[in-house]
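Number of protein chains: 2
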Amino acid sequence: MNTTWEDFYAKHPPPQDFNQNEILLKTFVERQLKKDKKVVLVTSGGTTIPLEHNTVRFVDNFSAGTRGSVSTEYFLENGYAVIFMYRLNSLEPFSRHFKGQKLLDMIDVSEQNGKSTITVLPQYKEKLMKIFCKYKEILNQDKLLQVTFTTLSEYLWLLRAACQALACLKNKAILYLAAAVSDFYIPSNELSIHKISSSGPPTISLQLVPKILAPLVSLWVPQAFVVSFKLETDENLLISKARNALNKYKHNLVIANMLQTRKQQVTIVSQEDNYIISLTSDQLNKGEEIEQSIVNVLIDKHQTFIQSSEKCN
Amino acid sequence: MNTTWEDFYAKHPPPQDFNQNEILLKTFVERQLKKDKKVVLVTSGGTTIPLEHNTVRFVDNFSAGTRGSVSTEYFLENGYAVIFMYRLNSLEPFSRHFKGQKLLDMIDVSEQNGKSTITVLPQYKEKLMKIFCKYKEILNQDKLLQVTFTTLSEYLWLLRAACQALACLKNKAILYLAAAVSDFYIPSNELSIHKISSSGPPTISLQLVPKILAPLVSLWVPQAFVVSFKLETDENLLISKARNALNKYKHNLVIANMLQTRKQQVTIVSQEDNYIISLTSDQLNKGEEIEQSIVNVLIDKHQTFIQSSEKCN
Numbered sequence: 014m015n016t017t018w019e020d021f022y023a024k025h026p027p028p029q030d031f032n033q034n035e036i037l038l039k040t041f042v043e044r045q046l047k048k049d050k051k052v053v054l055v056t057s058g059g060t061t062i063p064l065e066h067n068t069v070r071f072v073d074n075f076s077a078g079t080r081g082s083v084s085t086e087y088f089l090e091n092g093y094a095v096i097f098m099y100r101l102n103s104l105e106p107f108s109r110h111f112k113g114q115k116l117l118d119m120i121d122v123s124e125q126n127g128k129s130t131i132t133v134l135p136q137y138k139e140k141l142m143k144i145f146c147k148y149k150e151i152l153n154q155d156k157l158l159q160v161t162f163t164t165l166s167e168y169l170w171l172l173r174a175a176c177q178a179l180a181c182l183k184n185k186a187i188l189y190l191a192a193a194v195s196d197f198y199i200p201s202n203e204l205s206i207h208k209i210s211s212s213g214p215p216t217i218s219l220q221l222v223p224k225i226l227a228p229l230v231s232l233w234v235p236q237a238f239v240v241s242f243k244l245e246t247d248e249n250l251l252i253s254k255a256r257n258a259l260n261k262y263k264h265n266l267v268i269a270n271m272l273q274t275r276k277q278q279v280t281i282v283s284q285e286d287n288y289i290i291s292l293t294s295d296q297l298n299k300g301e302e303i304e305q306s307i308v309n310v311l312i313d314k315h316q317t318f319i320q321s322s323e324k325c326n
Numbered sequence: 014m015n016t017t018w019e020d021f022y023a024k025h026p027p028p029q030d031f032n033q034n035e036i037l038l039k040t041f042v043e044r045q046l047k048k049d050k051k052v053v054l055v056t057s058g059g060t061t062i063p064l065e066h067n068t069v070r071f072v073d074n075f076s077a078g079t080r081g082s083v084s085t086e087y088f089l090e091n092g093y094a095v096i097f098m099y100r101l102n103s104l105e106p107f108s109r110h111f112k113g114q115k116l117l118d119m120i121d122v123s124e125q126n127g128k129s130t131i132t133v134l135p136q137y138k139e140k141l142m143k144i145f146c147k148y149k150e151i152l153n154q155d156k157l158l159q160v161t162f163t164t165l166s167e168y169l170w171l172l173r174a175a176c177q178a179l180a181c182l183k184n185k186a187i188l189y190l191a192a193a194v195s196d197f198y199i200p201s202n203e204l205s206i207h208k209i210s211s212s213g214p215p216t217i218s219l220q221l222v223p224k225i226l227a228p229l230v231s232l233w234v235p236q237a238f239v240v241s242f243k244l245e246t247d248e249n250l251l252i253s254k255a256r257n258a259l260n261k262y263k264h265n266l267v268i269a270n271m272l273q274t275r276k277q278q279v280t281i282v283s284q285e286d287n288y289i290i291s292l293t294s295d296q297l298n299k300g301e302e303i304e305q306s307i308v309n310v311l312i313d314k315h316q317t318f319i320q321s322s323e324k325c326n
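Protein chains in written order, with the numbering used here: chain A, 14 to 326; chain B, 14 to 326.
Calculated directly from the structure, the hints in this document are not laboratory data. Check each hint, because a few of them may be wrong.
Treat identical chains as interchangeable: a pair holds within one or across any two.
Derived BS3-like pairs (lysine-lysine); straight-line CA-CA distance at most 27 Å [to be verified]:
| # | residue 1 | residue 2 |
| --- | --- | --- |
| 1 | Lys-39 | Lys-115 |
| 2 | Lys-140 | Lys-156 |
| 3 | Lys-115 | Lys-138 |
| 4 | Lys-314 | Lys-138 |
| 5 | Lys-138 | Lys-128 |
| 6 | Lys-276 | Lys-112 |
| 7 | Lys-24 | Lys-254 |
| 8 | Lys-115 | Lys-149 |
| 9 | Lys-147 | Lys-128 |
Note that the coordinates shown come from a computational prediction; the quantities given were computed from them, not determined experimentally.
With these hints in hand, go ahead and build the complete structure from the sequences.
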C-alpha cells in the first residue's frame with residue numbers, strides 16, 4: 014500500500030533547522046507582499062534517500078542544479094523576487110559562473126611599487142564585473158532568499174513551509190518545481206542504523222513517495238501558478254506522461270524534457286497546447302541559455318493567468 | 014556468487030576518455046621519474062552506481078572530497094608530486110577554499126577616475142594571494158595531475174591505469190586511497206535501459222564489488238606504499254575491521270575514522286600498532302586541518318619504508 018502525504022509528514026520529523034527556515038520564508042514573503050512584488054519559488058537539484066540512519070550511502074537523483082540556478086537569474090532580471098530552494102552544494106545563481114578551479118585561472122598577482130596586488134585577467138574582467146554587480150544589486154534590494162535541503166524528507170518539509178508562506182500572495186506566486194525529487198524512498202523504520210555491512214549483498218526495497226503535487230495544488234497554494242517538470246529518457250513517453258500529470262493534478266504547466274537534450278529543447282505542455290522551445294547548436298555554442306526563453310514564456314503566461322483570474326473575481 | 018575483479022573488467026567497457034587519461038597518467042609519471050620525484054596517487058570523492066543505463070538515478074556514497082583535496086595540498090607542500098583522481102564536481106585542492114557564493118562575497122567593485130576596477134576585500138586578500146601563488150607554483154612545476162571519475166566502473170578503470178603507470182616508481186609511489194568507493198553494484202546486464210517507471214516500487218538487488226585492493230597490492234604496484242581508508246559509524250567495529258583489511262590485503266596502513274568525528278580524529282593502523290591522531294576543538298576552531306598531521310605521519314612512514322626496502326635489496 015502506498016503512503017499518503019499525511020502519513021509521510023507524520024512519520025518523518027522536521028529537519029533540525031526547520032523552524033528557522035520557516036521564519037525566513039514567512040518574513041521574506043511578507044516583505045515582498047508589502048512591496049507588491051511577484052514571487053517565484055524555484056526548487057533546484059536532486060534529493061537523496063538515505064540507506065542508513067547514520068548516512069554513508071544514499072540513492073541520489075542526477076541533477077547539478079543547472080535548470081534552477083540559471084532560471085533564477087532570469088526571473089530576477091525580470092523583476093520577480095525568488096525563493097531559491099536548493100540541494101546543498103548544487104549550483105547557485107551567480108556563483109555558478111565560477112565553479113571549481115575557474116576562479117584561480119581568472120586572476121593574477123602583479124607587483125607594483127614593491128606591493129603585490131590581485132588583479133582579474135582582462136579577458137574575464139567584464140564578465141565578472143557584470144555578474145558581481147547584479148549579485149550585489151539583488152542582495153541590496155532583498156529580492157533573493159536561499160534555503161537548502163539534502164534528503165527527500167527535508168525537501169518535503171521545506172516545500173510545504175514555502176507554500177504556506179506563499180499562499181497569501183495568491184495568484185502573484187509562481188511555483189517552479191525544477192528539483193529532481195525522488196519517486197521512491199525507504200521508510201524510516203526500515204532503515205539500517207549503521208553502515209550496511211558488506212559481508213553480503215543487500216536488497217533494497219523502495220516505496221513510492223506520495224505525489225505531493227496533489228495537496229500542493231488543491232490545498233496549500235490553490236491560487237498560485239504552478240509549473241512542474243517531467244524528465245524522461247524515452248521520447249515516446251515524454252509528452253503523454255506530461256499531459257497525464259496535468260490532467261491528474263490540474264496545475265498550470267508541465268515543462269517536459271529529455272535527459273539527453275534538456276539544454277537544447279523543452280516542451281511546455283498546457284491544457285491548450287504543446288509549445289516547443291529550442292536552441293540551435295549555434296546559439297548553444299554562443300553561450301545562450303534555454304532558461305532565458307523558458308522564463309520569458311512563463312512570465313507571459315503568468316501575466317495572462319493573473320488577468321484572467323482577476324476577471325473571474 | 015561474487016564477481017572476480019577480472020570478471021568486472023571483462024564485463025564493463027572502459028570509459029570514453031580512458032585512452033586519453035591513460036596517456037596523461039603515463040607521461041606525468043615518466044616526467045616525475047626523470048626528476049627523481051616521489052609521487053602519491055590520491056583518490057577522492059564517492060563513486061556512483063547507476064540504476065539505469067540512461068542514468069537519472071544512482072546510488073551514491075557520502076563524500077564531499079574533503080579528505081582527498083586537503084591531503085593533496087599537504088603532500089604538494091612536502092615536495093611530493095600528486096595524481097589527484099577525483100569524483101567530478103567534488104572538492105579540488107586550492108579551489109576548495111572558494112566554494113559557492115564565497116567568491117562573490119570576497120570582492121568589490123570600486124570607481125577610480127571614472128574607471129571601474131575589481132578589488133579583493135582587504136580581509137580576504139592575504140588568504141587569496143597565498144593560495145593563488147601556491148596553485149600557480151604547483152602548475153608551473155608540473156607537480157599536479159587531475160583526472161576525474163563519476164561511476165564505480167570509471168573509478169576502477171582509472172585506478173588500474175594509474176597503478177600501471179606508477180609501478181615503475183617502485184617504492185617511491187604512495188597510494189592514498191581516500192575515495193569512498195561503493196561496496197555494491199548492479200551488474201550492467203541487469204540495468205534498466207530507461208528511467209525506472211514510478212508505477213510500482215522497485216526492488217534493487219545489489220552485488221558485491223570485487224575487492225580491488227587484492228590485485229592492486231599483489232599484482233599492480235607490489236612495491237608501492239599503499240594506504241587504504243576505513244569509514245564506520247559503529248565505534249565497536251572500527252579498529253577490528255581496519256586490522257582485518259590489513260591482514261587480508263597485506264598493504265601498509267589503514268586509516269580508520271568514524272563518520273561523526275572524521276575531521277577531528279583518525280587512527281592509523283599498521284602491522285605494529287594503532288596510532289591515534291586528533292585535534293582539540295580549539296585547534297579545529299582555529300582552522301587547523303587533521304590532514305596536515307596525517308600527511309606528516311605518512312611521509313615519515315614512507316621514508317622508513319623506502320629505507321628498509323632498500324636494505325633488503
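Status of the hints after comparison with the structure:
no., hint, in the structure
1, Lys-39 x Lys-115, "between (36 Å within a copy, 26 Å between copies)"
2, Lys-140 x Lys-156, "within (22 Å within a copy, 31 Å between copies)"
3, Lys-115 x Lys-138, "both (13 Å within a copy, 18 Å between copies)"
4, Lys-314 x Lys-138, "neither (36 Å within a copy, 47 Å between copies)"
5, Lys-138 x Lys-128, "both (21 Å within a copy, 12 Å between copies)"
6, Lys-276 x Lys-112, "both (19 Å within a copy, 24 Å between copies)"
7, Lys-24 x Lys-254, "neither (30 Å within a copy, 34 Å between copies)"
8, Lys-115 x Lys-149, "both (21 Å within a copy, 13 Å between copies)"
9, Lys-147 x Lys-128, "between (31 Å within a copy, 18 Å between copies)"
Violated hints, listed in ascending order, are 4 and 7; each of the other numbered hints is respected by the structure.
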